[in-house]
Amino acid sequence: MDMTSRYRINRPQVITEMIDGEAVIIHQGTGAYYSIAATGGALWAGIEVESPVSELVALLEARCEGGSRSEIETGVERLIEELRVEDLIVESNGDRTGEENPLVEGPPLGPFEPPALRKYTDMQDLILIDPVHEVDERGWPYATPGSPAGDGA
Amino acid sequence: MAPSPEAPSSGRSLDLLADTAGAFADAAGRSGEVVERSVRIAGHHIRLRFAGAAMVSALTRALAHLQPADGDPDLVVEIWDSASVGGNAPPSLPGKPEGTPDGVRILYDEGPVQAVYLPSERSLSLIDASSGRAWFWTADADGIPHWERAAPLRYILNSWLGAQGQHVVHAGAIAGRDGGVLLVGKGGSGKSTTALTCVQAGFSYAGDDYSLVSARPPTAHALYGSGKLHAHHVTRFPDLMPSVDNVDRLSEEKALIFVASDALGRFDDSFPIRAVAVPRVTGQAETRFSRASPAEALAALAPSSLFLMPGASATTMAAMADLLRQTPCYRLDLGTNLHDIPSAVRNLLASTSERD
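So the protein sequences, as listed, match chains A and B. Each residue of the first sequence is one higher than the one before, counting from 40 in this note's numbering. Each residue of the second sequence is one higher than the one before, counting from 571 in this note's numbering.
Hints listed in this document are in silico derivations from the structure and should not be mistaken for laboratory results. Incorrect hints may have been included.
[Stated by the list, open to error] Facing chain A, according to a computed beta carbon distance under 8 Å, are these residues of chain B, among others: (1) D818; (2) S821; (3) A865; (4) L876; (5) A884; (6) M887; (7) L894.
[As the list claims (entries may be wrong)] Facing chain B, a subset of chain A residues (Cβ under 10 Å, in silico): (8) Y73; (9) D134; (10) G178.
Where is the CB? At the ideal position from N, CA and C, for every residue including glycine.
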């Protein structure tokens, strides 16, 4: 993994909030939701401000007890890959957000534990049975000529 | 009330609003009467205007407990169906997009104008937040499903109230002497069981499935005075059986109970939320509670709230998180003895008072 890479949260499909160091993450497109805490919560906070991977590793190394640099690097890389596969983050090519990296501050995280993303799929039925189809400029209301006609009731 | 958002700038939105308003005016003319009901929700005056009487009962029984309002309305909702007044659907309704399931909800969201069209139910909810006007149309008043009668106009109300800082969330809400409890969790977790056993024990009621909340301070507001129970479960509530509205359709529908219009419970305009509980059915005899993290409660509340409400956004999620950061959260393990549930909830509320 390129340690200079930066990632951003895949908004607006992904909605997230952090409480007490634990993030709840919802993917509105798939209906899956996730939670991530401890080292993972800290990493998620770092991704929110688009820190490069190298910075995430270094800062986690500073806030955790134990754990070699290579262990931390592996944990960060695995989590980022998992977040990418789940479509929760995408690579960022724009400017950084300019916000402080929340990993710099905050209490010690204790012994290093590889970050773990918990995934829940028990709500996916809601999305599969009653999905939301958001129309864009090509659709309703008043579809352009040539597009499928409305039923007009 | 929050400042009005800017008026719609798109010609498509303006056409949709004008054509829908015109269709309602035409329907009102054909029906020969406009029936009005004005209610107060979270301090806002909401006026419902029906073209004819066909939709009135279906959409107002769940609102029967709300205080009447007078003076100038903050939001006017114009309502009609085609079957009773003769063929007046809003123009250019969309067809079901190819390849989508029957239950697809089509969302149009542009600035202050938001519309949700349900092809399966043939119903349209349209709101222009900048003018405080909204419309609800359906093909046939007799075809309004029981879940719509239990929680009428929820897309419109959520859209408008959300802009004022009040959010319709997927939760139940009840209040005892020590304040209110927000009951959060997916369908089947026990929200309705908890809410309805508690209302029978004298708690104030603010809903079992969709509740209106604000975060600063954590408050539940009266919205829907209805309750729903699985047909196989309602037999465990013999006192409620005479009030089941759809007793002849329980083979295909949940039992629908109008707590409000049948005077089965008491209601407050609003109450403080002192605790959030995540119920779950355990199969054990006794009902118990234990502390839960706010993130656990958010995971129980937010996904279904967002998925069930097209157009709900990061703002809604932030409001839910804000509420949970200020409120102690609990797991509520429901026992099989339903009579124990209210006392467990009272003890839960008392424990939050002790913390203060």
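Hints, one by one, checked against the model:
{"no.": "1", "hint": "D818", "in the structure": "violated (25 Å)"}
{"no.": "2", "hint": "S821", "in the structure": "violated (20 Å)"}
{"no.": "3", "hint": "A865", "in the structure": "holds (4 Å)"}
{"no.": "4", "hint": "L876", "in the structure": "holds (6 Å)"}
{"no.": "5", "hint": "A884", "in the structure": "holds (5 Å)"}
{"no.": "6", "hint": "M887", "in the structure": "holds (5 Å)"}
{"no.": "7", "hint": "L894", "in the structure": "holds (6 Å)"}
{"no.": "8", "hint": "Y73", "in the structure": "holds (9 Å)"}
{"no.": "9", "hint": "D134", "in the structure": "violated (21 Å)"}
{"no.": "10", "hint": "G178", "in the structure": "holds (7 Å)"}
When held up to the earlier numbered hints, the structure conflicts with 1, 2, 9 and fits the remainder.
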